[in-house]
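**Student:** Top line first, the protein sequences correspond to chains X and C.
Residue numbers for the first sequence follow the UniProt record's numbering, so the first one is 1 and each next one is one higher.
Residue numbers for the second sequence follow the UniProt record's numbering, so the first one is 1 and each next one is one higher.
Because the hints were derived from the structure by calculation, they are not lab data.
Quick caveat: nothing in here was measured; it's all calculated off a predicted structure.
Backbone N, C-alpha and C fix where the C-beta goes; we use that ideal spot for every residue, glycine too.
Be a bit skeptical, because a hint or two may be false.
Here are the in silico distance ranges between beta carbons for each label pair [unchecked claim]:
1) C:Gly139 <-> X:Arg224: 58 to 66 angstroms
2) X:Glu127 <-> C:Gly139: 25 to 33 angstroms
3) X:Asp50 <-> C:Pro48: 53 to 61 angstroms
4) C:Gly388 <-> X:Ala194: 41 to 49 angstroms
5) X:Ala244 <-> C:Glu379: 42 to 50 angstroms
6) X:Pro57 <-> C:Glu35: 48 to 56 angstroms
7) X:Tyr88 <-> C:Glu35: 36 to 44 angstroms
8) C:Pro54 <-> X:Val37: 35 to 43 angstroms
9) C:Pro158 <-> X:Val37: 27 to 35 angstroms
10) X:Asp50 <-> C:Lys83: 53 to 61 angstroms
11) C:Gly29 <-> X:Pro57: 17 to 25 angstroms
12) C:Pro158 <-> X:Pro57: 17 to 25 angstroms
Calculated cross-link-like contacts (lysine to aspartate or glutamate; reagent style DMTMM-like; alpha-carbon spacing at most 25 angstroms) [as the list claims (entries may be wrong)]:
13) C:Lys207 <-> X:Asp30
14) C:Lys207 <-> X:Asp50
15) C:Lys207 <-> X:Asp295
16) C:Lys218 <-> C:Glu302
17) C:Lys218 <-> C:Glu193
18) C:Lys83 <-> C:Glu364
19) X:Lys51 <-> C:Asp179
20) C:Lys83 <-> C:Glu35
21) C:Lys207 <-> X:Glu22
22) C:Lys207 <-> C:Asp179
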Amino acid sequence: MAAVTMAKALNAALADALLDDERVVVFGEDVGQLGGVFRITDGLQARFGDKRCFDTPLAEAGIVGFAVGLAMSGLRPVVEMQFDAFAYPAFEQIASHVAKLRNRTRGALSVPIVIRVPYAGGIGGVEHHCDSSEAYYAHTPGLKVVTPATVDDAYSLLRAAIDDPDPVVFLEPKKLYFASAEAELPARTAPIGAAVVRRPGTDATLVAYGPAVPVALAAAEAAREEGWDLEVVDVRSIVPFDDATVTESVRRTGRCVVIQEAQGFAGVGAEIAARVQERCFHALHAPVLRVSGLDIPYPAPMLEHTHLPSVDRVLDTVARLQWDDQPDNRWVAA
Amino acid sequence: MTTTPQAVRRASPRTRRKATPAAADPSAGLLPQSEPVRLLNPDGTALPPRDDYPEPPVETLREMYRRMVVGRRFDTQATALTKQGRLAVYPSARGQEACQVGGVLALRDSDWVFPTYRESMALTARGLDPVEVLTLLRGDWHCGYDPAVTRTAPQCTPLATQTVHAAGLAYGESYQGRDTVALAFIGDGATSEGDFHEGVNFAAVFKAPVVFLVQNNKYAISVPLSRQTAAPSLAYKGVGYGVPSEQVDGNDPVAVLAVLHRAIAHARSGQGPYLIEAHTYRMEPHTNADDQTRYRDVDEVEAWRDRDPIARLEAYLRSRGVLDDAAVAAVAEEAEAYAATLRRRMDEQPTVDPLSLFDHVYAEPTPQLVEQRELVRAELAAARDEEGDA
């Protein structure tokens with residue numbers, strides 16, 4: 001075992017995929033010579049040549065549309081959108097073609113491409129560099145949407161995404177890129193479609209994904225002082241969503257808080273909260289609550305800490321889970 | 001050999017110019033000719049032959065004529081099917097037969113076509129089953145034919161998005177050592193879309209063997225070409241991307257095919273993409289649901305009847321002595337039979353299966369889709385039971 005960063009694990013996953021499958025090609029803006037602005041593709045062009053890993057013109061719709069054509073010719077493109085908000089020009093290609101080609105052609109064509117998106121904030125980035133865009137993709141049938149929160153998962157989920165017969169939007173939490181953990185690559189973890197219990201607990205379930213998972217784990221650790229034993233479920237795979245693991249946990253603990261970094265309204269957390277409520281109603285001792293970013297455009301760097309879900313905000317929310325059977329009067333008009 | 005005083009003077013060090021050749025024009029070979037290429041007059045008489053665009057073999061032209069006549073009959077039949085409620089809508093390509101048929105006739109079976117929704121005629125001319133081509137408009141599924149087998153992408157509605165796919169596919173094919181060419185159909189309005197520029201640019205940068213065939217039929221639904229571009233012609237859009245381009249009289253079948261042959265040969269030989277603008281005219285409204293009297297004069301449409309591409313080719317082939325009354329009648333008969341068969345087949349109500357809605361969202365349905373499929377199955381069973389009770 002050695003200390004490995006998520007960035008290194010992603011790099012290793014790309015390298016191993018290029019090695020194992022000659023159909024894999026990696027491309028995007030600055031991914032060749034430079035190795036990507038986050039160095040996720042570092043060294044791949046030198047090692048595999050500029051046919052397997054290459055720079056493209058600066059045009060995101062072009063990159064994704066080009067990948068669709070390459071996939072139609074039998075290749076397995078892995079493309080990088082340089083930043084979350086820079087992927088928006090590609091949205092028509094993603095929503096109208098990547099997501100739908102299998103369906104439109106009754107399975108005659110498929111688009112086994114991976115769209116890697118560095119996403120979310122917490123890195124002091126200026127505007128248009130910190131969006132949490134998962135809800136746009138998760139709302140689009142035909143896409144799989146995956147986001148790792150650990151080094152092992154970064155490697156394993158990316159390998160699984162590249163091997164997947166369907167298009168995968170692979171959301172990489174930027175603030176976790178350079179966090180390291182003891183890991184031995186190649187790691188293999190649970191498949192796409194499975195949530196994982198990161199920390200067992202008995203009193204309440206925190207459901208989180210991507211950059212919110214470390215927040216949930218830190219909150220669970222801090223909650224011990226308050227006398228709460230919290231379980232943390234890492235969603236990992238937003239689509240397909242693992243209802244079974246989440247439902248099993250919440251039925252056992254009877255309480256649930258869903259945590260996401262994205263703005264809350266109509267977000268993935270809202271969908272999860274609704275699903276938990278539908279499936280666990282009789283096991284719940286309190287309403288399912290959410291902790292999310294504020295419903296604002298992503299703030300300027302000096303204000304982002306107010307926006308992002310914090311350990312304190314999570315603990316305050318856990319405190320409202322009707323521990324002494326007192327009703328939560330927060331929503332009652334004064 | 002004697003040296004003239006003049007030559008001596010030229011060679012003297014004081015007056016000799018540096019032997020630099022005139023700087024080559026970097027746009028040479030990229031710009032289209034200032035007038036659309038034309039090999040036939042509108043009345044079908046031949047213009048002088050030209051070296052840059054040799055006339056295609058006469059057998060190919062006869063085949064083109066046959067497919068154009070059948071294609072127009074198909075197009076007319078499809079419009080009629082909308083009136084009978086068999087199709088939800090139909091965007092006619094009447095008047096554009098030279099481009100529709102030429103575009104596919106110039107390709108090999110192993111080449112790929114990237115059509116828009118207006119290319120139904122092109123696809124039937126390529127030999128696709130007309131019922132499968134019309135599936136999209138009949139409404140029993142989206143794409144009715146198998147793109148992998150027919151080497152024909154689904155008809156594309158989001159404008160210009162298919163140009164990037166064509167670039168990617170063409171590059172992917174050459175990457176894997178195959179000499180496939182991709183032909184992307186696109187209309188004049190769609191050249192304003194960003195994806196058109198990205199598609200042409202990607203194809204150029206990666207030297208992808210793509211031919212972009214712009215059918216400039218003068219209208220994007222109601223908006224005339226003058227509102228789409230200030231360029232001298234759409235073919236001038238290629239030079240900015242380093243793509244050789246040409247403009248052609250899109251109602252001159254011989255010229256269309258000749259220009260396509262050159263463009264496809266260019267692409268197949270590894271020299272990268274080619275852009276063609278074919279000047280043509282949409283003789284019908286945008287679709288059967290459109291009211292063209294709101295944006296164009298009947299006189300304008302009538303004027304284009306004199307430039308009909310089928311009449312032009314027929315007159316030319318007759319003048320060459322390779323088409324006679326009997327051959328014309330035989331083709332007309334074939335077209336009628338084609339339409340009759342299509343009518344009969346379209347009379348059959350297609351069967352649709354609600355449970356198939358879940359089959360091709362993912363390779364394997366998600367747990368949520370399995371649940372929803374079960375819900376729909378139960379609804380259908382309950383509805384059947386109610387019918388049985390009634």
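**Student:** Next step is simple, just say for each hint if it's right about the structure.
**Tutor:** Hint by hint, here is what the structure shows:
1. C:Gly139 <-> X:Arg224: 58 to 66 angstroms: 60 angstroms, holds
2. X:Glu127 <-> C:Gly139: 25 to 33 angstroms: For glutamate 127 of chain X and glycine 139 of chain C the Cβ distance comes to about 44 angstroms; the hint is violated.
3. X:Asp50 <-> C:Pro48: 53 to 61 angstroms: 48 angstroms, violated
4. C:Gly388 <-> X:Ala194: 41 to 49 angstroms: 42 angstroms, holds
5. X:Ala244 <-> C:Glu379: 42 to 50 angstroms: Between alanine 244 of chain X and glutamate 379 of chain C, where Cβ atoms are some 24 angstroms apart, the hint is violated.
6. X:Pro57 <-> C:Glu35: 48 to 56 angstroms: 32 angstroms, violated
7. X:Tyr88 <-> C:Glu35: 36 to 44 angstroms: 42 angstroms, holds
8. C:Pro54 <-> X:Val37: 35 to 43 angstroms: With Cβ atoms ~51 angstroms apart, the hint is violated.
9. C:Pro158 <-> X:Val37: 27 to 35 angstroms: Roughly 29 angstroms apart at Cβ, these two residues keep to the hinted range, so it holds.
10. X:Asp50 <-> C:Lys83: 53 to 61 angstroms: Cβ of aspartate 50 of chain X to Cβ of lysine 83 of chain C: about 56 angstroms, so the range 53 to 61 angstroms holds.
11. C:Gly29 <-> X:Pro57: 17 to 25 angstroms: 22 angstroms, holds
12. C:Pro158 <-> X:Pro57: 17 to 25 angstroms: 20 angstroms, holds
13. C:Lys207 <-> X:Asp30: 20 angstroms, holds
14. C:Lys207 <-> X:Asp50: It holds: about 15 angstroms lies between the C-alpha atoms, which stays within 25 angstroms.
15. C:Lys207 <-> X:Asp295: 46 angstroms, violated
16. C:Lys218 <-> C:Glu302: 14 angstroms, holds
17. C:Lys218 <-> C:Glu193: 16 angstroms, holds
18. C:Lys83 <-> C:Glu364: Violated, because 40 angstroms separates the two Cα atoms, which is more than 25 angstroms.
19. X:Lys51 <-> C:Asp179: 17 angstroms, holds
20. C:Lys83 <-> C:Glu35: 40 angstroms, violated
21. C:Lys207 <-> X:Glu22: Measuring from Cα to Cα gives roughly 21 angstroms; hence the hint holds.
22. C:Lys207 <-> C:Asp179: Roughly 13 angstroms between the alpha carbons, so the hint for lysine 207 of chain C and aspartate 179 of chain C holds.
The structure shown violates the earlier hints numbered 2, 3, 5, 6, 8, 15, 18 and 20.
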